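Undergrad: Now for the letters of each chain:
There are 6 protein chains.
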Amino acid sequence: MTWKRTATFLCADSSPENGDVVLMGVPFDGTSCFRPGSRFGPHSIRIWSDVLESFSPELDMDLEEIRLGDLGDLEVPVAGWDEVALRIRESMAPLLAEGKIPVVLGGEHLISLAAVGACLDRYPNLCVLHVDAHLDLRDEYESDRHTHATVMRRVMDLLGSDRVFQWGVRSGTREEWKMARSVGTIIDTPSEIRDRLGGRPLYLSLDLDVLDPSILPETGAPEPGGLFFRELLNFLHALRGLPIVGADVVEYSPAGPGMGGPSGAVAAKVVREVILLCEAGRT
Amino acid sequence: MTWKRTATFLCADSSPENGDVVLMGVPFDGTSCFRPGSRFGPHSIRIWSDVLESFSPELDMDLEEIRLGDLGDLEVPVAGWDEVALRIRESMAPLLAEGKIPVVLGGEHLISLAAVGACLDRYPNLCVLHVDAHLDLRDEYESDRHTHATVMRRVMDLLGSDRVFQWGVRSGTREEWKMARSVGTIIDTPSEIRDRLGGRPLYLSLDLDVLDPSILPETGAPEPGGLFFRELLNFLHALRGLPIVGADVVEYSPAGPGMGGPSGAVAAKVVREVILLCEAGRT
Amino acid sequence: MTWKRTATFLCADSSPENGDVVLMGVPFDGTSCFRPGSRFGPHSIRIWSDVLESFSPELDMDLEEIRLGDLGDLEVPVAGWDEVALRIRESMAPLLAEGKIPVVLGGEHLISLAAVGACLDRYPNLCVLHVDAHLDLRDEYESDRHTHATVMRRVMDLLGSDRVFQWGVRSGTREEWKMARSVGTIIDTPSEIRDRLGGRPLYLSLDLDVLDPSILPETGAPEPGGLFFRELLNFLHALRGLPIVGADVVEYSPAGPGMGGPSGAVAAKVVREVILLCEAGRT
Amino acid sequence: MTWKRTATFLCADSSPENGDVVLMGVPFDGTSCFRPGSRFGPHSIRIWSDVLESFSPELDMDLEEIRLGDLGDLEVPVAGWDEVALRIRESMAPLLAEGKIPVVLGGEHLISLAAVGACLDRYPNLCVLHVDAHLDLRDEYESDRHTHATVMRRVMDLLGSDRVFQWGVRSGTREEWKMARSVGTIIDTPSEIRDRLGGRPLYLSLDLDVLDPSILPETGAPEPGGLFFRELLNFLHALRGLPIVGADVVEYSPAGPGMGGPSGAVAAKVVREVILLCEAGRT
Amino acid sequence: MTWKRTATFLCADSSPENGDVVLMGVPFDGTSCFRPGSRFGPHSIRIWSDVLESFSPELDMDLEEIRLGDLGDLEVPVAGWDEVALRIRESMAPLLAEGKIPVVLGGEHLISLAAVGACLDRYPNLCVLHVDAHLDLRDEYESDRHTHATVMRRVMDLLGSDRVFQWGVRSGTREEWKMARSVGTIIDTPSEIRDRLGGRPLYLSLDLDVLDPSILPETGAPEPGGLFFRELLNFLHALRGLPIVGADVVEYSPAGPGMGGPSGAVAAKVVREVILLCEAGRT
Amino acid sequence: MTWKRTATFLCADSSPENGDVVLMGVPFDGTSCFRPGSRFGPHSIRIWSDVLESFSPELDMDLEEIRLGDLGDLEVPVAGWDEVALRIRESMAPLLAEGKIPVVLGGEHLISLAAVGACLDRYPNLCVLHVDAHLDLRDEYESDRHTHATVMRRVMDLLGSDRVFQWGVRSGTREEWKMARSVGTIIDTPSEIRDRLGGRPLYLSLDLDVLDPSILPETGAPEPGGLFFRELLNFLHALRGLPIVGADVVEYSPAGPGMGGPSGAVAAKVVREVILLCEAGRT
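Residue numbers (the numbering used here), protein chains in the order written: chain A, 160 to 442; chain B, 160 to 442; chain C, 160 to 442; chain D, 160 to 442; chain E, 160 to 442; chain F, 160 to 442.
Rather than coming from a laboratory, the hints here were simulated on the basis of the structure.
Check the hints yourself; a few may be wrong.
Pairs involving identical chains hold if they fit within one copy or between any two copies, as the list cannot separate such chains.
As the list claims (entries may be wrong) - In the EDC-like style, the derived pairs of lysine to aspartate or glutamate whose C-alpha atoms are separated by at most 20 Å in a straight line are:
#  : residue 1 : residue 2
1  : K337      : E224
2  : K337      : E223
3  : K163      : E249
4  : K163      : E242
5  : K337      : D219
6  : K163      : E301
7  : K163      : D219
8  : K163      : E176
9  : K337      : E217
10 : K337      : D347
11 : K337      : D221
12 : K337      : D321
13 : K163      : E257
14 : K163      : D347
None of these values were measured; they are calculated from a predicted model.
I would like the entire structure built from these sequences, with the hints used as guidance.
TA: See the structure below:
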């Protein structure tokens with residue numbers, strides 16, 4: 160694997176071998192059909208992280224008190240999902256083997272498919288919590304089975320539909336809604352997740368477009384009518400203690416290289432809380 | 160009438176004779192006193208509509224299952240309200256005569272005056288529901304009786320004040336508030352509209368600045384403290400079944416030609432729901 | 160003191176001797192550590208004020224019915240806090256001596272320290288209400304005791320910690336939270352302020368970043384998860400009648416000279432309500 | 160006349176009675192057919208003027224050594240040219256009567272018509288030098304005879320076509336080019352102007368879109384292939400000594416209120432040089 | 160083929176069967192490795208074309224006097240070059256068979272490969288004139304042989320290297336420069352092209368990044384030190400009379416859907432002149 | 160010294176001990192009086208460097224063939240020049256002692272003073288070549304002797320005025336121009352520098368605002384009428400072979416953290432050529 164040096168997230172250690180939780184950027188947006196740019200996301204998240212404190216008052220935890228590594232960005236081609244998927248899995252496998260928790264910074268949502276695959280290899284009874292505005296349950300999109308719009312359908316192919324939970328969704332085709340309801344993926348409350356998880360290891364896939372576009376305008380497919388920041392935060396905090404073994408935060412999509420606006424701070428604060436949740440679930 | 164070819168709204172048919180609901184853009188902003196630009200609105204709404212699904216989960220309706228036409232943009236002069244008003248009325252009259260429901264994409268709010276006039280010719284007992292941040296009840300503005308700030312006063316001149324209902328208002332002069340309260344235009348709930356309407360045909364005039372400027376920053380007169388997107392959506396959904404015979408969505412105001420930002424998706428989603436409401440009221 | 164001519168806020172009188180409430184801009188952002196630009200704030204607030212009505216429907220008061228002056232902007236150096244502080248105090252002293260209420264337009268938060276100092280000279284039993292996303296209670300920041308991040312600690316040095324009340328805070332280091340809680344500065348409701356104030360004169364220091372970054376993206380240290388506009392407004396309106404003797408509205412930070420976006424309207428509306436509150440407390 | 164207080168241009172005196180050259184803003188853009196916004200121009204020019212020195216090395220003159228006044232902005236309606244024209248002429252007449260040289264900050268190009276009219280009243284043998292990308296010689300535009308696209312045709316109606324000189328033009332209809340060539344308005348060099356002027360008083364009307372859009376992107380009708388800044392400056396400097404009795408600088412068009420970008424510095428530097436040329440022609 | 164309705168370029172006829180020169184948009188940017196967004200190019204070019212006159216004073220030709228069609232945008236997948244190439248070729252073949260001249264609006268540069276292929280089928284002795292900042296002669300880029308960075312190498316594979324002429328290039332790897340010089344593709348003057356062409360049919364592939372980034376900042380790989388607009392125009396005008404049988408204008412890359420800035424006018428003016436050149440070569 | 164990890168410039172080695180030429184960012188803009196933001200410059204330069212090839216065709220040199228290190232960004236306080244100066248000198252001294260050539264990425268122009276000081280310690284007969292739009296020869300600015308506007312006056316205090324050469328200047332006060340002319344700092348051609356240098360070691364201080372604001376709009380004090388990119392490049396290339404022992408490239412000023420636009424590519428290309436010139440002068 161080749162890694163590109165980047166700024167580090169807040170106070171993260173640039174020596175990843177020191178981390179219990181390890182950040183890695185995947186600047187890939189090759190299937191974004193409306194507005195590309197999430198390739199610039201990992202970089203902008205790190206730059207804007209500097210506006211934040213390392214301390215989370217609600218979780219009463221501090222990034223400076225945990226072991227957090229930051230590997231920089233994985234080098235990936237602009238197009239060609241198979242190669243991208245391979246590199247994601249090969250770079251995550253050794254981290255997982257050592258018991259570290261990888262947190263992937265997207266990039267677009269399709270990368271979750273490879274990341275879930277890597278975690279499934281290590282944790283065969285893995286479940287996935289999918290937080291998103293969109294159902295992402297199409298079987299094909301533009302004749303392609305591997306896109307940001309089909310990613311959860313492919314995840315279901317890997318795990319079975321009963322191990323996928325969806326929260327925050329508000330958009331889909333009539334067929335996707337029908338499927339989600341028949342399969343029963345949509346959950347309403349954190350306690351419902353806790354019940355259905357029953358102690359199994361959890362992968363958290365968080366598409367930032369679950370937030371309202373006013374909160375995060377810089378995203379690939381803005382869907383009005385989304386969550387306020389505090390609604391998302393309250394939901395995440397209610398997950399505290401769940402055994403999260405891997406996570407991604409995807410679809411933050413600046414307008415250009417080095418052109419991310421203030422919603423970078425939004426993405427970064429979500430990442431901070433996700434990191435702390437991963438840590439909280441370790442112990 | 161001359162029409163300018165444009166992109167179409169989502170999956171609309173470009174042959175308007177096929178439509179039961181028919182979109183038409185009116186790129187006029189000649190009386191915008193603070194920030195012009197709503198002339199660029201119709202175009203940007205159509206471009207951003209592509210980010211949306213055609214299916215509305217709350218209404219359980221799909222644009223692909225109805226007959227929707229899109230006429231493109233009406234050619235109008237930059238200044239000179241009388242001529243603009245004439246063209247709006249003359250282009251709407253044949254649609255109304257055939258029983259079609261026109262949905263006008265603004266442009267600024269003054270265009271509602273002509274659109275209401277056209278509908279009134281066809282439906283003499285028409286009522287108007289005015290959703291807006293501003294009362295728009297001045298009698299004159301800068302010595303002019305026909306401006307975006309006097310439009311509802313002029314509509315009252317046409318219909319009488321008891322057939323105008325206002326919702327969402329939060330700004331006006333002391334005199335406008337006094338008048339609105341004495342006349343009793345301001346209503347609080349959808350059921351109150353339903354009661355007062357009593358089955359008469361309804362024109363819906365929706366000034367997008369009723370939304371908070373965080374939701375829709377691109378507007379001619381941003382007024383902080385507005386509605387969240389879901390508040391507006393819930394209100395609209397509660398109107399389901401009312402006999403809407405014409406509608407407009409106005410005051411989305413991009414910064415320049417081809418320069419509309421993500422709030423275009425906000426405007427487009429409102430338009431999608433308004434179209435579906437019109438359809439729902441037909442049957 | 161040298162003043163720079165500026166546009167005036169809404170309908171303010173440009174002859175300050177006519178004002179009971181007097182606006183003054185302080186375009187200083189010399190200690191902004193993340194994103195500078197609040198030096199451009201006073202100017203942009205005045206330009207965007209034109210989008211507003213002078214009438215506040217909730218307070219039922221109108222700027223046109225009070226005596227409001229606008230001095231323009233104080234000339235201050237780019238760096239060198241001591242000189243800036245001196246100029247602020249010397250320009251406020253004569254206003255306070257005449258019983259006028261100064262409302263300072265920032266600029267960054269450190270200017271509140273000098274403004275509080277000037278008010279304290281005139282009102283020795285002054286209390287301070289601090290509305291902010293950040294606790295600002297560090298003792299030092301980058302080895303400096305006078306920065307936007309230490310300003311409330313320095314205010315405590317002046318008044319004692321029991322005369323400082325904090326509302327809206329959501330970010331700080333572990334140490335700052337510990338201190339705030341042990342000293343008891345954080346208050347929850349307007350009525351609690353009223354009780355603790357007990358009729359003493361109040362200085363209101365309002366850092367606009369208390370609002371969510373979606374509402375006010377143009378600020379020096381955006382902290383996601385903040386207040387909605389109506390939450391802030393409701394809080395302010397509940398202060399009605401308190402004897403506010405001075406106030407500041409700070410940390411609105413446009414991207415450049417003459418480059419403030421629509422959140423200028425947000426800042427301006429907050430300023431309008433603060434002015435009216437000052438007036439309401441006079442009588 | 161009502162004037163709106165504004166910031167002042169660089170070191171201008173805010174007491175206009177002290178000025179030999181007097182600035183006045185006219186924030187009108189009512190006939191801008193493509194991209195409005197020049198109403199925000201005067202304000203942004205003044206703000207960006209602060210980046211400049213008052214000294215012009217090529218002219219070896221300093222604004223601080225002349226008597227320069229700045230009246231602020233004329234209050235004008237959003238639409239209705241007749242009223243706007245009246246206010247421009249009535250506000251310029253007394254200045255001209257006292258022998259002052261007015262320099263008008265646009266606003267759109269149509270305002271030149273009223274300004275030329277005012278100067279013609281005072282200087283019956285006035286000639287006009289028109290610097291622009293566009294010929295502006297249409298007889299009508301959208302059935303209107305008074306628009307930014309017909310302004311020089313109307314000026315010709317006032318003065319006769321032999322007293323209008325055009326420089327820098329690169330765009331027009333086939334008919335406009337034919338007319339310009341048959342009448343012989345287009346001149347190539349400053350010395351040609353000097354010859355044809357023959358000592359008569361000159362009005363300089365400078366549409367900033369004569370500059371390439373890379374130099375001044377913020378304009379109402381950007382026309383690629385324009386002048387570099389130094390080409391315009393060299394041309395202006397070659398006019399030194401001509402008896403300029405009035406001037407305007409128009410069509411700088413920021414994206415919104417308080418949203419002018421760096422091309423404000425371009426407009427401001429042109430204004431500085433025009434002011435100095437006016438002064439140089441006085442003596 | 161499926162076409163998406165769009166606005167039309169300036170005064171183009173929306174019935175393509177009426178055109179001798181026919182525009183078609185190809186909104187594909189699937190291999191853009193730095194900054195994507197040229198998928199939004201065709202749409203923004205059309206919108207900004209409205210700022211232009213239809214008359215070109217240098218060519219003394221008018222778009223209104225020729226037969227120009229505009230097909231709208233070809234529907235293409237986000238990724239998957241083979242399918243995109245197929246659709247381009249299949250949509251161009253019938254146009255070419257009827258003797259029409261297609262002008263393709265990109266999109267990224269790789270689309271030229273398919274367009275050249277289509278023209279080659281019809282004109283076996285076709286030559287290609289490549290105007291660009293970059294040599295685009297890599298054999299592979301990121302292990303891929305079909306990307307915007309290899310496109311001219313692939314064109315050479317089709318035609319042979321002696322039928323490719325390059326002008327305006329200023330960037331490449333050491334290897335690309337070596338190759339270009341050994342093969343002799345780089346030409347200096349229009350007359351050299353005329354000589355080497357010797358009457359054969361010409362395809363013009365124009366990557367807008369040949370212009371300086373100040374002239375066209377919205378592009379996928381801005382390379383400082385490029386051409387001024389008038390340099391490019393002079394070059395194009397010197398091609399007048401050459402038998403251009405097909406052309407593309409590519410790599411104009413707005414920041415988002417409906418978010419193209421003023422450099423849209425630059426792209427549109429280049430397109431206008433290219434259309435007129437095509438027409439001039441027909442007769 | 161504390162260094163902040165950053166992305167690396169193009170293909171630079173992140174192990175600085177491997178470099179003959181060594182980049183170091185100094186994100187300080189504490190005295191920028193008009194538009195701050197150059198603190199965000201080093202980061203944005205590195206991000207945009209990725210759009211460039213490592214090969215310079217004019218110099219026929221390739222960054223991949225030299226030993227280039229990149230230290231990341233020096234941690235500096237927001238205000239307090241003395242401490243900033245100390246850190247710059249202490250971090251440069253060991254590099255210079257090993258014979259390495261430091262290239263400093265600004266940040267504002269005042270940092271050149273400390274960098275020149277560090278080089279002077281190592282090379283007592285150092286000369287300085289100052290490329291800038293502004294003379295920067297004030298003795299004081301706002302009562303401060305250490306600002307971006309006085310930096311070359313202070314450099315003269317260090318070296319004597321006969322060892323400072325200025326090129327590209329076009330703005331200053333009457334007094335600064337008088338001084339520059341009496342001292343004879345302004346030079347016209349590269350050969351003049353070569354003559355006056357006479358083999359002594361050279362420090363190159365390059366304020367990017369020497370370029371026209373159309374080329375580099377993102378700068379602290381845009382001064383219209385500047386150099387085209389190729390003019391600057393030609394000048395730099397003519398310096399080839401001069402013994403440059405240290406250099407800085409300053410005053411690239413993005414609008415915010417992670418918000419640099421395309422002029423980042425301009426700054427990066429200048430940096431690439433400066434690095435190669437440093438290398439060329441070594442041998």
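Undergrad: Look at each hint and say if it fits the structure.
TA: Hints and how they fare:
no.	hint	in the structure
1	K337 - E224	between (45 Å within a copy, 16 Å between copies)
2	K337 - E223	between (45 Å within a copy, 17 Å between copies)
3	K163 - E249	within (16 Å within a copy, 29 Å between copies)
4	K163 - E242	within (17 Å within a copy, 32 Å between copies)
5	K337 - D219	between (41 Å within a copy, 11 Å between copies)
6	K163 - E301	between (32 Å within a copy, 15 Å between copies)
7	K163 - D219	neither (33 Å within a copy, 27 Å between copies)
8	K163 - E176	both (16 Å within a copy, 19 Å between copies)
9	K337 - E217	between (37 Å within a copy, 13 Å between copies)
10	K337 - D347	within (17 Å within a copy, 35 Å between copies)
11	K337 - D221	between (42 Å within a copy, 14 Å between copies)
12	K337 - D321	within (15 Å within a copy, 44 Å between copies)
13	K163 - E257	neither (22 Å within a copy, 28 Å between copies)
14	K163 - D347	neither (39 Å within a copy, 39 Å between copies)
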